[in-house]
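These protein sequence lines are chains A and B, in that order. Read in our numbering, the first sequence has 197 at position 197, and its numbers run on one by one without any break. Read in our numbering, the second sequence has 328 at position 328, and its numbers run on one by one without any break.
Warning: the hint list may mix true and false statements.
[Unchecked claim] Here are a few chain B residues that sit away from chain A, every Cβ distance over 10 Å (derived from the structure): (1) A48; (2) A52; (3) L225; (4) A229; (5) P236.
[To be verified] Taking lysine-lysine pairs in the PhoX-like style, the calculated list, with each CA pair at most 25 Å apart, reads: (6) A:K342 - A:K210; (7) A:K321 - A:K342; (8) A:K321 - A:K334; (9) A:K321 - B:K238; (10) A:K342 - B:K38; (11) A:K398 - A:K415.
In case anyone wonders, no lab produced these hints; they're calculated from the structure. Positions of the beta carbon are idealized from the N, C-alpha and C atoms, including for glycine.
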Amino acid sequence: MNSVSASIQSDRQPMLEMRGITKRFPGVIANDNVSFDVLPGEVHTLLGENGAGKSTLMKILYGLYQPDEGDVLINGEKVSLQSPSDAIDHRIGMIHQHFMLVSSLTVAENVALGLSSTRGPITDLKQVAKKIKSLSDRYGLHVDPDAYIWQLAVGERQRVEIIKALYRDVQLLVLDEPTAVLTPQEVDDFFVILREMTSDGRGLIFISHKMNEVMELSDRISVLRLGRLVGTTTPQETTREALAQMMVGREVDNTREERPATIGRTALSINRLSVGGDRGVDALIDFSLDVQQGEIVGLAGVSGNGQRELAEAISGLRPIKSGSISLFHDGNPKPIGGLGPKAVREAGLSFVPEERMRDGAIGEFSVADNMVLHNHHSTRFSRGGFLNFGEIHRHSQKLVDDFQVKTPSIDTPAKNLSGGNIQKMIIARELDSDPEVLIAAQPTRGVDIGAAEYIHARLVAARNAGTAILVISEDLDEVMLLADRIAVICQGRMMGVVDRIDASREQLGLMMAGVTD
Amino acid sequence: MRSYLIAASIAIASVAAALAVGAIMLLALGANPIDGYKTMFTAAFGSADGLASTAVKAIPLMLVGVGICIAFRANVINIGGEGQMVVGGLLATSVALALPNAPAVVLLPLILCAGIIGGAFWGSIPGALKAHYNVSEILSTIMLNIVAVQLMNFLLRGPLIDPGEIERGTRIPQTARLPEAADLPMLSETLNLHSGILIAIAAAIGAWVLLWRTGLGFRLRSVGLNPAAARYAGIPVKRNIIIAMTLSGAMSGLAGAILVFGSESHRMVTDGSTMGFTGSAGFNGIVVALFGALHPLWTIPSSFLFGGMLVGANSLQRVAQVPSALIIALNGLIVVFVVSTEWHRKRLQNQVQTQASQKNENEQSASDHGNAKS
Ligand SMILES: Nc1ncnc2c1ncn2[C@@H]1O[C@H](COP(=O)(O)OP(=O)(O)OP(=O)(O)O)[C@@H](O)[C@H]1O
Ligand SMILES: [Mg+2]
Chain A
1 MNSVSASIQS DRQPMLEMRG ITKRFPGVIA NDNVSFDVLP GEVHTLLGEN
51 GAGKSTLMKI LYGLYQPDEG DVLINGEKVS LQSPSDAIDH RIGMIHQHFM
101 LVSSLTVAEN VALGLSSTRG PITDLKQVAK KIKSLSDRYG LHVDPDAYIW
151 QLAVGERQRV EIIKALYRDV QLLVLDEPTA VLTPQEVDDF FVILREMTSD
201 GRGLIFISHK MNEVMELSDR ISVLRLGRLV GTTTPQETTR EALAQMMVGR
251 EVDNTREERP ATIGRTALSI NRLSVGGDRG VDALIDFSLD VQQGEIVGLA
301 GVSGNGQREL AEAISGLRPI KSGSISLFHD GNPKPIGGLG PKAVREAGLS
351 FVPEERMRDG AIGEFSVADN MVLHNHHSTR FSRGGFLNFG EIHRHSQKLV
401 DDFQVKTPSI DTPAKNLSGG NIQKMIIARE LDSDPEVLIA AQPTRGVDIG
451 AAEYIHARLV AARNAGTAIL VISEDLDEVM LLADRIAVIC QGRMMGVVDR
501 IDASREQLGL MMAGVTD
Chain B
1 MRSYLIAASI AIASVAAALA VGAIMLLALG ANPIDGYKTM FTAAFGSADG
51 LASTAVKAIP LMLVGVGICI AFRANVINIG GEGQMVVGGL LATSVALALP
101 NAPAVVLLPL ILCAGIIGGA FWGSIPGALK AHYNVSEILS TIMLNIVAVQ
151 LMNFLLRGPL IDPGEIERGT RIPQTARLPE AADLPMLSET LNLHSGILIA
201 IAAAIGAWVL LWRTGLGFRL RSVGLNPAAA RYAGIPVKRN IIIAMTLSGA
251 MSGLAGAILV FGSESHRMVT DGSTMGFTGS AGFNGIVVAL FGALHPLWTI
301 PSSFLFGGML VGANSLQRVA QVPSALIIAL NGLIVVFVVS TEWHRKRLQN
351 QVQTQASQKN ENEQSASDHG NAKS
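Given these sequences and hints, build the entire structure.
Right under this line is the structure:
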């Protein structure tokens, strides 16, 4: 702890103090004697690489894990947090890195779930919906209380999580990578909400891998590395570079080496595609886009404008209404629309799904098993129907080493990996099969800066080797960094394609908002 | 390894708890529980003859249980073991009746296959209904159990009935003595134990190999654990749900065939209910599988335990004059205890893991961190 935070502490009593927290998992110390506190009305940011132990510390606070050592104090009093309901009783809220919503229920029903204080034993959903509506209007969250969760894009689900916390009027809110799914404009709006929350004296714990946000929002910043607290500082006292170095222990350089695309033939062609949506309206309307060998096309857009449906249509998971999607082999088109994921993969397409825990990995399977999920039946990994575990292990170990996936072993269940490492595992798997076309949805969401740099480098390397890559990302910085051409989608329509060299943030922002000139 | 130890101790604890409650019931019935349990244990496990009868009772339980394990791994719940046993038994019986003069080398494999096919077919129907129309397999399997009984009653009263029953006018719904070539070979001259037990154990081992060593098993488990991710990876979810139910039904069908051809009467008989034929093995197999932690290999000892309870119950009934319904109650109690201790098992496991990591934290995590950093 440095002197600045110490002087703040003497003024006000912290609403939360975590003292000497230690938590061990097999083969890992996730938290090693970590002390951490939050003052009323402040945003205290936790920074650290993937697997540094941020989520673990927060899960201890939320009663999901019990610490092996250490104490938690709320308003100066020692408390025992055995379960999330204990945490909720202490007015602690948490928005998890992986959302915890029941997808077959509506927004209002999800908010009402586990509420104890609604009148009587029967929850009045109308009342809940009304309050959601007013909270949503007040904070500009644009959440429809009657929509089903499964109909919502990730960005919208995120806002439901925020509504849930606001509804419960939490005093201390943990935000585990809340902005990972938001566009820059949305982030600005979101920060307005958060500031409003702190101005009523609420405390926020913020976790993010995005340095500019951390610098903008935080009152204090604590950095974890390998489970240990490296230090606590303030945005005034530090710089992004210094923070990055504190986190990673080396310098990080996430600028792209300029190398012009050597564009080959068209590899993926989407022609006048229309696709139905989950809410009755068409999610994609007359959408056309070509991706050539050896280029990265970035698809920018605000969450929920048809990106998810596009990815699903290309990967064969969603039927198409009209138009076509084709892959090309030696210049001959092969329509893949509606063929189903297996045939689409066999035709040479790989994809990194947006929701890694739901679609990208099987949590209970080991890392090794997850690495061969899509090709375990290939002659390399399977003989006469029997799996060749020797080869699967060799292969997985190589991918884990190559892509620096941090895991105790390849036999560890994937669910025990930290979020960013699960993402690295999926990227490793999908890039390894040398696809002709790769669709990557939010490839570095929730990934620390070191790993993001690495994933970007791998994507660029694949592009240089001739893969046609479509990166679907709500992170405009990422699109501007990676893409050779940038396409913008708004309300299911193609707003236009611009070369990166010619693109400006302002122009893209306007296009994302649906303004055409 | 440790997790198996925990699973085993939990299993034993839940049996002990069930026996304790059962002891109270015995007392209430005016019997001495210690004597009662001694009687049961000796009858089931105390002699070679007892062990043989236990093994014979264990066969259908084991097979159905193994089928439950397979279905469960793909996240389908097969409550249709009863009906699948019946259909497997009927098809096998029909084959044997149609080929009265075939030699054993031909007939034995044929009847076993017929049992498998009959059960597989009966299992594939709810599988397909679930996969394509999202019909709950719990409902459809139970309904198919009822259809199977009617089918059995119809066939055994009509087309398949022993012609002798018609001549004598007794019309007992049963087939004629099936061809001797189809009798399951006995394992010993003195003991009443047929080779069905070997088939059942082979099936359990085969299911384990299938689930954890083959690509098909990999797909079944992935569909069971996370269908969305499986679909993304190109694994056909619907097809694998159907396959899981089909394999599960096949196991029960095989149990049905073995029940017919290993029976002492060597006929297929109905008393009008499935239970009359299956002895409720189609349901008890679920208990066996649960008690075996839904693992095919653990299903083997588990089925011996429950087979032993059935044998013990019979003798208890004879010796102590208590209703054999007590055993049904004991079965149920064990399930309740097993299921309610499931969460406890998970907690224990976490503790053990944490302790294990504590022990070697210094060397191990230091080197892990070191590796990851490099
Ligand atoms: N339930 C668990 N069982 C075993 N190991 C776990 C478990 N949860 C977390 N870990 C391990 O603890 C370490 C810290 O994980 P944690 O999720 O806290 O990281 P994080 O800082 O939140 O990373 P990210 O930025 O990727 O989300 C990791 O090495 C992870 O593999
Ligand atoms: Mg995390």
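Status of the hints after comparison with the structure:
1. Even its closest Cβ contact with chain A, about 38 Å, leaves B:A48 beyond 10 Å, as expected for a residue assigned away from the interface.
2. The Cβ of B:A52 lies farther than 10 Å from every Cβ of chain A, with a closest approach of about 35 Å, so its non-interface assignment holds.
3. For B:L225, the condition that its CB be more than 10 Å from all CB atoms of chain A is violated, with the nearest at approximately 5 Å.
4. Not every beta carbon of chain A lies more than 10 Å from that of B:A229, the smallest distance being close to 5 Å; the non-interface claim is violated.
5. Under the 10 Å C-beta cut-off, the non-interface status given to B:P236 relative to chain A is violated; the minimum distance is some 6 Å.
6. Restraint check for A:K342 and A:K210: not satisfied, since their Cα atoms lie roughly 35 Å apart, outside the 25 Å limit.
7. At most 25 Å may separate the alpha-carbon atoms for a hinted pair to count; A:K321 and A:K342 meet this at roughly 20 Å.
8. Restraint check for A:K321 and A:K334: the C-alpha separation of about 18 Å stays at or below 25 Å, so the hint holds.
9. Between A:K321 and B:K238 the alpha-carbon distance is near 23 Å, which keeps this suggested pair within the 25 Å criterion.
10. Pair hint A:K342 plus B:K38 does not hold up; C-alpha atoms about 59 Å apart against a cutoff of 25 Å.
11. Distance check on the hinted pair: A:K398 and A:K415 sit about 20 Å apart at the alpha-carbon level, within 25 Å; holds.
Hints 3, 4, 5, 6 and 10, counting from the list given before, are not met by this structure.
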